[in-house]
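First to last, the protein sequences are chains B and P. Note that full-length UniProt numbering has the first sequence beginning at 1, numbered continuously upward. Note that full-length UniProt numbering has the second sequence beginning at 1, numbered continuously upward.
Hints were generated in silico from the structure; no laboratory data involved. What you were told as hints is all true, and nothing was included just to trick you.
Any copy, or any two copies together, can satisfy a pair, since identical chains are not distinguished.
Taking lysine to any residue pairs in the SDA-like style, the calculated list, with each CA pair at most 20 Å apart, reads:
1) K9 x A219
2) K9 x D218
3) K113 x Y60
4) K9 x Q111
5) K9 x H215
6) K9 x V21
7) K239 x D173
There are 2 protein chains.
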Amino acid sequence: MDEFSLIQKYFAQLTAPAGDVLLGIGDDCALLQPPAGEVLAVTTDTLVSGRHFPVETAPYDIGWKSLAVNLSDLAAMGAQARWFTLALTLPEANQTWIQEFARGLSDLAAQSKVALVGGDTARGPLSITITAMGTVPAGAALKRNGAQIDDVVCVTGTLGDAALALRLLSESDLSTDLRARLDRPTPRLAAGLALRDIAHAAIDLSDGLAGDLAHVLDASGVGAEIYSARLPSSLEFKKYVAPTDALALQLQGGDDYELCVCIAPEKFDEAAARLAVFDVSLTSIGRITSETGLRFLDANGVTIPLAPNGYRHFQ
Amino acid sequence: MDEFSLIQKYFAQLTAPAGDVLLGIGDDCALLQPPAGEVLAVTTDTLVSGRHFPVETAPYDIGWKSLAVNLSDLAAMGAQARWFTLALTLPEANQTWIQEFARGLSDLAAQSKVALVGGDTARGPLSITITAMGTVPAGAALKRNGAQIDDVVCVTGTLGDAALALRLLSESDLSTDLRARLDRPTPRLAAGLALRDIAHAAIDLSDGLAGDLAHVLDASGVGAEIYSARLPSSLEFKKYVAPTDALALQLQGGDDYELCVCIAPEKFDEAAARLAVFDVSLTSIGRITSETGLRFLDANGVTIPLAPNGYRHFQ
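Assemble the whole structure, with the sequences as input and the hints as a guide.
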């Protein structure tokens, strides 16, 4: 039995076939049924061992994270996640590794109600490419180019935990919870769906707030002021990180996979209330300005000098 | 400028945006418009250097072939090819290589009217994963499980050329045409569309006729007799290969990317006439039997002993 058959076998046990999969794995193509009136949202991301996750990452977490980073892109469009394909390159056939990888992947797939509909395996240094597909009613997708002047800039959850975990990797007192923020990010699918008819623009925070928000500003032709004192931090983050040190992790650390959304000020309360239903916080961290560029202000309103470049892969 | 931006730049020059791409590369997801009443056909294939193509293959041809093998799967479903994503892992940033790769990829994309809608690049040993998407009217897709007893088993084009080219790689008199059969296969998209309402079952020949046809037989719960003397050969193939040697190349050599289809006998002439319009031959090579299993018969009707296993990747 080859690797992909093993993965499939594991999936078959855990994920019931969805009604929108007319034909699953086993023919030349899968056949999928998008709902009438909806358009297809498609994204693809490759994760390479040692570059996108630490080499010693548990296979369960690698499976989870490979899917999570792709679902996060669907979340940022306000799309309903539905299907994905998997291309897995492995240095060797290790059945235990594959089972654990498949378990992490299928746990998130089951939780997110997405179906594995195709894939391929190859021999080589460990890397995973997933293409995730979702659907969204025509015209309803959240894009990067819709931010409007005076919008509130908001983020879900807390920032900087993944970057902190990465920094603390070698320390023995790195907690399981903090490590999980790096290894098993939660794609904010429900939040994306809930904010779809409220938010003007959205992006997921994969490379760090500074770089990712800059994409929204560029696409929308606007600027933003971000109030550093408002950046949401977890209790663990506050415990480990001195305030002087927090900003670099929260603005330029990647891998948080929270959503950053721009919302009209009068809609903020409703947006926050919608996310509170499923225990996701929404924090206002700044506002969109007509003056272009991204400015970070300290508690006294003084601009903090900071190059607005997030982590960029493969330069 | 990173590698993917380079590829994108090259694509922008060559492929006009299609009407079914509502939002292309540059946001969290692409947004795509499937036609009303059609379902989505999705396939993904990884090509690894030295495994799926010779390491010395020209980058133009690598780009072409990476897309071709995926489009071939869409062809086998009778789908209209529309979109694809690209994940490219490269050992080094070589601009000339990337441009040539993009040129090969975009030449086939333009010819096949498919749009690049997303992608990612990473550093590592050369491998390419493409996910190709097409659409097909609900209920009209060609599957592997529809072969019926007494159907004619047919193949497009000629068989064995790619396997022969692979064998002759080191020989200086390997012709450009023969080499192209290995390096730049033609996905039979037009043939798949033309046979969609005639054929009962179809598969593309990626791993060799013996193995691929066995999948159709297994899925359909039938068997087949194949008459070896009828297997279509190119003039070059006949020139190089002794008849005693031909069978192994034609039945077990992979990479032909022709279609194998099962058609009611009375429909064969119409099917062949439809393909003749765009210069693709269709050859009847055998018939579907109620007795399961795959039998190859010589010109005297005597069974040829042959294990029905095509080339399998990564065992």
